[in-house]
Amino acid sequence: MNVGVAHSEVNPNTRVMNSRGMWLTYALGVGLLHIVLLSIPFFSVPVAWTLTNVIHNLGMYVFLHAVKGTPFETPDQGKARLLTHWEQLDYGVQFTSSRKFFTISPIILYFLASFYTKYDPTHFILNTASLLTVLIPKMPQLHGVRIFGINK
Amino acid sequence: PEPGGCCCRRPLRANGCVANGEVRNGYVRSSAAAAAAAAGQIHHVTQNGGLYKRPFNEAFEETPMLVAVLTYVGYGVLTLFGYLRDFLRHWRIEKCHHATERKEQQDFVSLYQDFENFYTRNLYMRIRDNWNRPICSVPGARVDIMERQSHDYNWSFKYTGNIIKGVINMGSYNYLGFARNTGSCQEAAAKVLEEYGVGVCSTRQEIGNLDKHEELEKLVASFLGVEAAMAYGMGFATNSMNIPALVGKGCLILSDELNHASLVLGARLSGATIRIFKHNNMQSLEKLLKDAIVYGQPRTRRPWKKILILVEGIYSMEGSIVRLPEVIALKKKYKAYLYLDEAHSIGALGPTGRGVVDYFGLDPQDVDVMMGTFTKSFGASGGYIGGKKELIDYLRTHSHSAVYATSLSPPVVEQIVTSMKCIMGQDGTTLGKECIQQLAENTRYFRRRLKEMGFIIYGNEDSPVVPLMLYMPAKIGAFGREMLKRNIGVVVVGFPATPIIESRARFCLSAAHTKEILDTALKEIDEVGDLLQLKYSRHRLVPLLDRPFDETTYEETE
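Chains as they are written, first to last, in this note's numbering: chain A, 1 to 152; chain B, 153 to 710.
Next comes chain B alone, as it looks inside the complex:
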């Protein structure tokens, strides 16, 4: 690895294997020529002048052209059939299931915009059985799903009464396996439930400030390594209610392309100017920062009151990790503020589970506002913001959540406290450390196996969120249903939630998944991948060979 810059270079692998395209006539091409030929892959191995203490491997393989064309043809056919069905429904040849206005209201201004519902009626309804599946057990490594049937093509569902037991759960954000109904967390929460009850019945500023909340906030501050922290009842509300308290009109927000809806909503509610930089692209961010400082506000050219950079630790739809060392370097250079949303990365990354700051080995004091949620790795609900004491004191008085929203419920607080102490090792066991290690091993194993099978996987090698690309609209429905038939529950996403040619299935790995569970899941994914022809990757990793490469082994590269 050479210092000084990201390179689109594919080094020969350490174990001596070569991959597709690097061998001609049995001879290995030099890696420079191979890099020129490997144009379809964007593979960043960054060792950027010492900013990164470990290799940053992120890959987003481009959509193969044939697959893109077939995806458009698929959407085209679905659109044409949608128009046909709408025509039939309009002329009453087909039964109309969706909401329409009554005949008496025909002459009024229309209540429903028919065309905006087009995708929902004609595409989403066809494969609606892949979402909103009711579960009836704790969402651990395995979950029970209530079986439902539809006799009118998903317009209505009937419960058969059966429960599909023991479905392998690849969709829950249960990174450290704390979604349990037994164990020390549950016992502690039950005791607190008996003592404090469930409801708080007030906001933080009135009479809803329990001693449990103070205890939690001190613990969160020590966990993150910041001066103070504040906890809120809902993770989404933490973002959308606190960003307006931090920035306002005359401030600039630089937000990543793929930021979560809560960050986007908070940014819009604040009234600040929003500029979007390309996902994880530091050149784009630097250009925006430079332009903002040189040109100032749009018409008056006055300097911006504040520049706030909004990024996430792990982006849950891409599986990518933010380039935090570079962002912090940029923020220091241009004197902007950084708001880091660690919803998915707290507890899931880093050798001690302290999140993306720990993962890169950076100083938590460099991040101005550290936000996170307790929903994912701690098995509870709610969110927090951590930072300097002045910031948190300001938020205690000015945040909308503190003034208007009910505070966290006591059993939930106890769950967070117990799980956090477990992760930090303060409960006297090594359970936390084992969970973190198990998650890291699971992540690496799962991603490697999927790549070897030939699927296109997005994201960073260390992120426990694994998006598997499906591309075609029909395969979205087919994948979800086939996996449920084989007793595995997955989450699938399509257009318009993702770009039109990037529909995906998203796996969330958990420390609760044992190797057997992962192997079963991988076997089924392999089968379904062959059945649905999902193995699009043209850069297959050759399974590990022990012997060093020599010219006559070229046939194994295919």
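Chain A with its partners taken away, still in its complex shape:
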């Protein structure tokens, strides 16, 4: 939709997570996912919580840490082509409010999941592993780092 760009923002992807209502939509989305999983009769409450946690972390990993670049052409000749969305947020400035919010939300989900699964060992291993896949890429030390050439 390049019918005359209306702003001088080089990469709109950097500001999307700061927009009004984005956090609320995200929270509602997670809530909806959880309710859908709870409604399936085969899953007990602990299984539903673990599944919510795992699916949420999987989605977050794919969209924030796996997909690189922007879905539209940017006027800066592709400076962000090799950066994941997390790395593009706020042009790489660390510890902004969006980054804090998206770091804390999987942790909160992890607490809730641990509580509702009554700290069962199998669930614990699954939840912790899934939390780590989502927390480690967010560390500022790993900005732009590609371990073992994954996702280069």
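Quick caveat, the hints were computed from the structure, so don't treat them as lab data.
Computed from a predicted structure; not experimentally measured.
Positions of the beta carbon are idealized from the N, C-alpha and C atoms, including for glycine.
If a hint is listed, it holds; no wrong ones were tucked in.
When the alpha-carbon atoms are kept at most 25 Å apart in a straight line, the in silico PhoX-like pairs for lysine-lysine are as follows:
#, chain 1, residue 1, chain 2, residue 2
1, B, 401, B, 540
2, A, 79, B, 430
3, B, 484, B, 442
4, B, 540, B, 457
5, B, 401, A, 79
6, B, 485, B, 442
Label pairs and their computed distance ranges (CB to CB):
#, chain 1, residue 1, chain 2, residue 2, range
7, A, 142, B, 457, 36 to 44 Å
8, B, 311, A, 75, 28 to 36 Å
9, A, 94, B, 457, 31 to 39 Å
10, A, 73, B, 545, 35 to 43 Å
11, B, 366, A, 94, 57 to 65 Å
12, B, 486, A, 97, 28 to 36 Å
Got chain A sorted already, so can you dock chain B onto it with the hints?
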């Protein structure tokens, strides 16, 4: 109205009506409490210590939260479906229409970055029929559009052969109605065409400097009230080729957030440092100026060679007007230079049509570089720069446009000369003055009616550019198509050209629009607004009541 500062205060209206939220149990709240409650609206009525000679009413109502959430859900669903369709196309389950590399080139470095095309293939293509519509008549108040159909979901178009005649044109930048193929401008241009031909076949500095160009430049200088002016063949090129001639490395450019692509390109080409201040926000601009002067250049701390403030007269996507009195006050205080791009405001604002400087009643000598285009209000093409004689003489030798670009074509020059004389009243008729008044009336009427209907409209009350907020991606396509079905042509814009939750339809009013045309358009917009549920405004203006307010009329506020 109280002196000394902008206030987020909503006064009781002069005719005694109240709006939403101001009445409880039939009693009117005092306006201070109402201001505290009216948190969703940013309404600046500035009477800033005498800098403004008239009230400056600009409003940008915030996106309602429910609408924002639904917009994100809309984009989310479209993204998921986009991934699904890409998957199907990759595995050849669905036919692939876009450009891909040949099989022999599979192992080479890829030519196309697939992901950068994601929005274009999956979102833009679905509603592509709202843009690039071919027109086949002069784009006046009504225009003829060639009908086209697509049998493969907008990947390719076929012309049916029909022409949709008499579509009301709400998209052309035809502010004073000079886009005509009859009348005095056309006759004069035709005569000049016979005398001079069409092509100039040279640049200004070589042998392309016609006497017509000199005549035009003198006329533009007298129109603007400046010492000298220079005209160029293309409006975009005026900005992008002249800013590099004015500033270079070691200079600072302070550019508004929402500046046009030509200004941004010119600023980038110049090599100067660019800092961006929030749209029309004078506190942000002042802070940047202070920091620039106190701290100087980034590492060496040397003073900046020049500080240039880039602003536009009317911002075409927001409909807002620059706060020129405050900008000029700041520029004088901090000794910076001002570059004013009046592409949309020349001819369209001001009691005599001289643009935003005239609108605020200021001195044109205060603006260092006055730039504008002939494309919008004069029905021609090209751009100009006006200012002091030394500046224009410098630009005549140093501007890239003067050295490398072909100069304006003679019939176009004649069109500009005739239309400008008409606006100034020098052709002996009052046609110019009537057009300016008609445009101002149309603007005020159209905006008031749309606000009364309950749409969210951005921008200043006096700007002829009216953005109507649509927000959701599906409504962008739906609005454009429904309006064309009802014989009205509009321009719609969405993400990433606008922020993600601010998609809009933009109406450009014209002096050529009669009241009947506007009423027809408003009726259709009303219908489409009800059909698509676009009336988001929570601060509806109550239609004018003649009697003064009394407690028992509270039910009319809803």
